[in-house]
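Number of protein chains: 2
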Amino acid sequence: MTKFTYNEIKGGVCAATGFRAGGVYSGIRRNRTKKDLCLIMSDVPCSVAGVFTQNIVQGAPVVVCREHVKHGTASAIICNSGNANTCNKDGIMVANRMCGLVSEVCGLPPEEVLVASTGVIGQRLDITPIENSMDKLYSSLSRDGSADAAEAIMTTDTHPKEYAVEFELMGKVCRIGGIAKGVGMVCPNMATNLIFLTTDVSISSEMLQKALSSDVKSSFNMVSVDGDQSTNDTCLLLASGLAGNETICEDTNYFNLFCKALNVVTVKLSKMLASDGEGATKLVTCEVTGAFSVKQARTIARSVIKSSLVKAAMFGADANWGRVLCAMGYSDDRFEPSMVDVGFRSNKGYVAVCDGGCGVDFSEDKAKEILSEKEITICVNLNIGREKAEAWGCDLTYDYVKINGDYRT
Amino acid sequence: MTKFTYNEIKGGVCAATGFRAGGVYSGIRRNRTKKDLCLIMSDVPCSVAGVFTQNIVQGAPVVVCREHVKHGTASAIICNSGNANTCNKDGIMVANRMCGLVSEVCGLPPEEVLVASTGVIGQRLDITPIENSMDKLYSSLSRDGSADAAEAIMTTDTHPKEYAVEFELMGKVCRIGGIAKGVGMVCPNMATNLIFLTTDVSISSEMLQKALSSDVKSSFNMVSVDGDQSTNDTCLLLASGLAGNETICEDTNYFNLFCKALNVVTVKLSKMLASDGEGATKLVTCEVTGAFSVKQARTIARSVIKSSLVKAAMFGADANWGRVLCAMGYSDDRFEPSMVDVGFRSNKGYVAVCDGGCGVDFSEDKAKEILSEKEITICVNLNIGREKAEAWGCDLTYDYVKINGDYRT
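Residue numbers (the numbering used here), protein chains in the order written: chain A, 868 to 1276; chain B, 868 to 1276.
The hints are simulated quantities; they were obtained by calculation from the structure and are not laboratory data.
Since this is a predicted model, take the numbers as computed values, not measurements.
Do not take every clue at face value.
Residues of chain A placed beyond 12 Å of chain B at every Cβ, according to the derived structure [unchecked claim]:
hint: 1; residue: Gly989
hint: 2; residue: Gly1196
hint: 3; residue: Arg1201
Derived lysine to aspartate or glutamate pairs resembling EDC-like cross-links, with alpha carbons at most 16 Å apart [to be verified]:
hint: 4; chain 1: B; residue 1: Lys877; chain 2: B; residue 2: Glu1033
hint: 5; chain 1: A; residue 1: Lys1269; chain 2: B; residue 2: Asp1228
hint: 6; chain 1: A; residue 1: Lys956; chain 2: B; residue 2: Asp1228
Cβ coordinates follow ideal geometry from the N, Cα and C atoms, glycine included.
All chains should be built: construct the whole structure from the sequences, respecting the hints.
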């Protein structure tokens, strides 16, 4: 088996063979300049996998979509922004009706249509604008439609997020791509907000689910913007099988290769989500090395990236590493504080600030220069093992407060 | 036994018989206009109880103080602000030396001196200014010194926090009072930052510790400003016994009465801490009723009060109750979303916004009026039991970001 290599390609959620997408303005949102309804469609029935929010309060689309994913095959995803269709008396009916509308216009069984919604919680989602837009939405489908779909699922995102790669599997050229939106209510513990992924690899639903469930632990679950876990988080992965490889049905080297390619896409989208956190000016990575286990590294990295005090310090380009140790100390994992080294890294270089749990002399000017970059890494070495993990977040800024102080009205 | 009544009195940490306090500027802080060193002294050896941070990274004063509390009796508390004496190579030595200095000037055994520090983590605490100020500090002790001591322990607090009550126990007039500082790195799970309490009730160390350990669960552990748990959180309670009551040595009605009085003081100080959270413009209370257990009510109330999205909405006086349900949903406790009622209350009245998990029509103007007050309550009824709890926090504002974006430099 050859070493894993891949190329970035264009096309986002339509990069894989067999997928089209589109997005339109339907009228759910008041702002007519932004699309608010998207459709992603496969030419053939797909294997499907999904990961959903662990919040006890779940959006109606999550309830419906989870059932449809259990069906094992799916061909379409419909998603609106502007209203989460959550905590409503008739939410389930509306979510089912959204699937039904796609079913009618495309001639698919309704249970092969997946559904998601994002936006305000607790307001009724009027089905009328969606009904009235179905023909327009269906007509908008195209192989070039990824950017439109990515725009239609945005809420307070400042730009659409799409990414795709191609790689070789059993001598066939294969693709994985996707679109994502995140930004508010973004937190570890789930596939952050909405992520729709497609691939043309031929793989069984069981193995697809196994790949996705494992993947999110090192990708979307390692993203935190504000520690709030949404009621509507949904990550879906459709596999058309049109790449023509022999179907992956078990845990082979080919499966591992597919998982690697998937992780390239999901980690890239994770970083896009983190760096476009509400009000963010910086992508902040916490890299934990020297850990006893991957779980320990992940727990500690997430605790650092979630800390409001660390995030505010990063906004101020302030090398206040004591807050990093503090956030590590209240994570759910244990470690030996007197072994810990901490440093900050960016394109401008690296500065060590803590050695064996104690402060070291360092140049404040150099630290300021490093932390003033757009992408910075908090480097933590636990010095007790060989495992590592990364978590991604952003700084805490005035604009986060501004955006969230008056989002709904 | 008579019904429990109490009166608010002046005097703070010196309200109880037998206590003097003082605060001076020693030179630890660069800002000469604020005191940075305080001493609290009892005329007689006291029973002592303490509760400390659960952070794995612990300040040197916490390590030393915890040992001294185990000693069972204590007579003095020394505390500096401006430097946390945490993550330093010689921190333990410096903390011990602080106790030693008080021991020398007052003629006490060093293990009867308690110590605490607050401020920046990871910088050496120079003992010299403390040594040079000991005579001045000792001379500053007075029965009127509570306000000076309260000022000396402040960091980014905007005002000193002190409170005291008197009540009757076995026919004797007794007092409990204290001072506190909080504001940054304030979070549930521990006696929030520094709280020094005194009483003249006669009570054994064992019962005093029992009272304090139980009390913090419904007081300081229910406060959250930013979810960051400090490395230096310390809550100390000294009992001089000079009220002359028969010593409380077991779990009697008198003990319960003492616990009630203690809770009046700690809840009041908790609310002071929450309303003076960094950048806060409002005291936000989350009241959870109809819970199956107190533990459930507490867990859910804390989850709501910690949510950045809820806090930002309160800043914007935005009745975005979906964020309340969302934060409840990712707490560590389970409940039935379709049973939940939510409303907002303040001096301007009450507005119901969610009934049985679904939104209800309400006046946005009325909600805005209610949420524009300085003290607001988020009312959650789980409708499954009879237990309840309250948690206290504040709104998330531009100033929180400003204060923490450049605190250290």
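Hint by hint, here is what the structure shows:
no.	hint	verdict
1	Gly989	violated (4 Å)
2	Gly1196	violated (3 Å)
3	Arg1201	violated (6 Å)
4	B:Lys877 - B:Glu1033	holds (10 Å)
5	A:Lys1269 - B:Asp1228	violated (26 Å)
6	A:Lys956 - B:Asp1228	holds (13 Å)
Hint check: violations occur at hints 1, 2, 3, 5; the rest are consistent with the structure.
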